[in-house]
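Colleague: For reference, the chains in residue letters:
There are 2 protein chains.
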Amino acid sequence: MADAVTPREEDYSQWYLDVVRNAKLAENSPARGCMIIRPNGMALWENMREALDGMFKATGHENLYFPIFIPERFMAREAKHVEGFAKECAIVTHSRLTTNEDGDLIPDPESKLGENYIVRPTSETIIWDTYSKWIQSYRDLPLLYNQWANVVRWEMRPRLFLRTAEFLWQEGHTAHATKEEAIEEAERMLDVYATFAEEYMAMPVIRGRKTESERFPGAVDTYCIEAMMQDGKALQAGTSHFLGQNFAKAFDCTFTNEDNEVEHVWATSWGVSTRLVGGLVMTHSDDQGLVLPPKLARDQVVIVPIYFNDDQRATVLKEAERIKQELADAGIRVKLDADDNQKPGWKFAEYELQGIPVRLAIGPRDVKNENVEIARRDTKEKNIVPQEGIADRVKTMLDDIQTSLYETALARQEEMTTTVDDYDTFKEVLEEKGGFIRAHWDGTAETEQRIQDETKATIRCIPLDQEEEEGVDMVTGKPSKGRVLFAKAY
Amino acid sequence: MADAVTPREEDYSQWYLDVVRNAKLAENSPARGCMIIRPNGMALWENMREALDGMFKATGHENLYFPIFIPERFMAREAKHVEGFAKECAIVTHSRLTTNEDGDLIPDPESKLGENYIVRPTSETIIWDTYSKWIQSYRDLPLLYNQWANVVRWEMRPRLFLRTAEFLWQEGHTAHATKEEAIEEAERMLDVYATFAEEYMAMPVIRGRKTESERFPGAVDTYCIEAMMQDGKALQAGTSHFLGQNFAKAFDCTFTNEDNEVEHVWATSWGVSTRLVGGLVMTHSDDQGLVLPPKLARDQVVIVPIYFNDDQRATVLKEAERIKQELADAGIRVKLDADDNQKPGWKFAEYELQGIPVRLAIGPRDVKNENVEIARRDTKEKNIVPQEGIADRVKTMLDDIQTSLYETALARQEEMTTTVDDYDTFKEVLEEKGGFIRAHWDGTAETEQRIQDETKATIRCIPLDQEEEEGVDMVTGKPSKGRVLFAKAY
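Chains as they are written, first to last, in our numbering: chain A, 512 to 1001; chain B, 512 to 1001.
Extracted from the complex, chain A is given alone in its bound form (with noise of 0.2 Å):
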């Protein structure tokens, strides 16, 4: 049988580990804080990234790649963003190894670097002093550049997927001549990734701002998508910042405008990582482990022939192959799975692991009575069906489950948010509930602070569609326009 998976109820956290682990995601390497991405878990991502890529060039947007080593000086040059990535870096300084005495592996002192680098952590630094070289004129302008690759950030308490070393991310860069073009821009990068998470990864999500003390190191303003996971907890799903003049002053970026005039250009940087593969785990699974979303599974639907000697299996296979082929023929994304080596019973476990949306299991009385088994994996609803309009029916089906699993999650996720006036209340609920508590805050960074010291919960969004409304700071009385949302956050 496949490995079991510990219950949401019992250990929130291993459930997590043990879907994971157990539907082969990924696993834990020996270098310390990062991932193995197992086949099934780059699947998911290499969907995620096509499914990505595809809305980044339909908005005018060009992949380009900057070296992974930025020059140690480059860092220095935004104070702010050095302050948020120093403490946590990958740093080279020597570029041979050698033998010592002992015969140990070492760092050969005679190949210490002239100039340390540090392993991209974010690439604004070393794209600034680039785009510096490329601009000179508004006619330069806009730059719409996005790239996929790995960073790293030295984490001290990882965890797959949510949290690596290492990870897998795309990084905007874009370079504009105005102001407004900039914010457009990061704004709708902002819609992009909360499309995406609706449409494709069936999370619903929550569009808002940043409080400044939650802002990227470097940023302006921080635009982001949260969502709620089944335990109560936020997870920040994607950041668009509007960079001002920050990176274009530090790196001496300007371009002569239409009026010939030499300003500072205008900058965006927005990412979206593999921690998304967590969300969308968290998001839909159960306990019998991985739910997926049919527009990003790899496969939508697996076929399982069941037979019990050698005439039924030709029988049945001739069946299945024919399934399969007409199911592919209707451009879904199927699989059969004949492998003797494992018994149906065991399959049925392991694609009900896998998260696998759709399941087709026919035997000899199907094949006679010209039937087959359908099994939704969300709902687990089982049904004989007819043969005849297989891939008619398999096809409402997957837009039926990708449907209903946003819709679930919507109302998990309303469910979960909770209006509050008081502060005992909201620690109150913050305790028994979690989720995301709506309440009023005095816009100051000491009370945030505060609220985040007693009870770890913090300020997730301003949402973009914050209603005003008169109202006072739940901890100091003081006067706010509006409610923020808070929560306590992976």
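Incorrect hints may have been included.
Copies of one chain are not kept apart here, so a pair can be met inside one copy or by any two copies together.
Stated by the list, open to error - No more than 25 Å apart at the CA atoms, straight line, and that leaves these computed lysine to aspartate or glutamate pairs for DMTMM-like:
| # | residue 1 | residue 2 |
| --- | --- | --- |
| 1 | Lys535 | Glu573 |
| 2 | Lys760 | Glu691 |
| 3 | Lys568 | Asp840 |
| 4 | Lys591 | Asp619 |
| 5 | Lys591 | Asp613 |
| 6 | Lys568 | Glu557 |
| 7 | Lys760 | Glu538 |
| 8 | Lys858 | Glu769 |
| 9 | Lys806 | Asp564 |
| 10 | Lys568 | Glu538 |
| 11 | Lys999 | Asp903 |
| 12 | Lys891 | Glu918 |
| 13 | Lys535 | Glu557 |
Since the hints were derived computationally from the structure, they do not count as laboratory data.
The structure presented is a predicted model; accordingly, all values stated were derived computationally and were not measured.
Could you slot chain B onto chain A? The hints should help.
Modeller: Chain B in isolation, oriented as in the chain A frame:
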């Protein structure tokens, strides 16, 4: 006007760099030896990646991802492997930056790592450490995995695409139950590479085996494809290694076979890199710039509208849009450049430089006569043709270009291959003509080294289609059973 390109006759190396830089494929970066791949270059690599990835999947491989960091101690496990990579690696020794008394950023001495990490130059070690955990029984075999990744080898004489400290590549790592199966896999992947080079890149290659001294560090046998560049130097374009049980032994990776005996696993690894982009440039380009095979060109066709006033503009653009749509509907990748900031003459030169295979130009007279001008980038032929049937005409032309580029390159490769029997002629041909030289070799590393020291030519490969032919080594006079391929190489 677009920047001029140094003619090949004048300075081939400079010509190459001019083409790469002026066609905006790549440029040097502030991180020593690392390149910035610009959107035009990245689009080529992405198209290559997509085609190769499809071929890998069609041969049963799945993608996964291993960490960028390799623990120092892993490197020591396979003796030849560490010898091969120790002298050119990036070593991570610290995890935090701090400021010294002068206010400069330095690695925080307190963040010195307990164990250093090597930025992967290739991933055999970390992968085989993991495979030893994944593989227990013959039922777990074969493992057919690949990863797309960046790797770092500290290069002292970097050259855009051809030799860079960081490069992008794929590395396949497979595990097998038998020697025969592993050899078959290594040969299969060499075939995939050769097919890709010839069918997509239109770059003919010689399939062969490396001599012992040119083998991958840790391999039992290295297969390679070698291509001939326009300056008479060879380019190693891809390698596929039969690793025997070397890494399995180094990382104690065993399995229980069908007879219930414990054996070491058999391995292969194989890779191609962004170096292929350099090979593509050097195979087809000319003194006007880049020439691209249609199968890999991001834009296969560019349409340049020509007009002299606003009335003409409206009429011409309407026709140009219609033609663009017609081509796009036929599955052709087409771009319409309606930018009024640049004159048609500038655009002609620019797209010639960028190597777009087919250019269509349409002016007021063409609209009136229902014609369009069609120009081929490779042969520079130009014709006025009817708009009717333009999609079919362009498709045929794109196919012609793809075939013709291959045939031209193949004819050059044949012309640049000389069969030689004595060492004086060998040196003369190498000096005056270059190219591949087919000569007898006595099979010893000493002779190989002597020839390299004296002439800079290396044995590129022992061709897989080597004919048995009695002969004597041109240097030592010792017996030889067949000819090998010598050349100076990149």
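Colleague: Indicate, hint by hint, whether the structure satisfies it.
Modeller: We went through each hint and held it up to the structure:
| no. | hint | verdict |
| --- | --- | --- |
| 1 | Lys535 x Glu573 | between (33 Å within a copy, 13 Å between copies) |
| 2 | Lys760 x Glu691 | within (18 Å within a copy, 61 Å between copies) |
| 3 | Lys568 x Asp840 | between (28 Å within a copy, 19 Å between copies) |
| 4 | Lys591 x Asp619 | between (34 Å within a copy, 18 Å between copies) |
| 5 | Lys591 x Asp613 | between (44 Å within a copy, 19 Å between copies) |
| 6 | Lys568 x Glu557 | both (16 Å within a copy, 13 Å between copies) |
| 7 | Lys760 x Glu538 | between (42 Å within a copy, 23 Å between copies) |
| 8 | Lys858 x Glu769 | between (66 Å within a copy, 23 Å between copies) |
| 9 | Lys806 x Asp564 | both (15 Å within a copy, 20 Å between copies) |
| 10 | Lys568 x Glu538 | between (32 Å within a copy, 23 Å between copies) |
| 11 | Lys999 x Asp903 | neither (43 Å within a copy, 60 Å between copies) |
| 12 | Lys891 x Glu918 | within (17 Å within a copy, 58 Å between copies) |
| 13 | Lys535 x Glu557 | within (15 Å within a copy, 27 Å between copies) |
Checked against the numbered hints given earlier, the structure breaks only hint 11 and satisfies all the rest.
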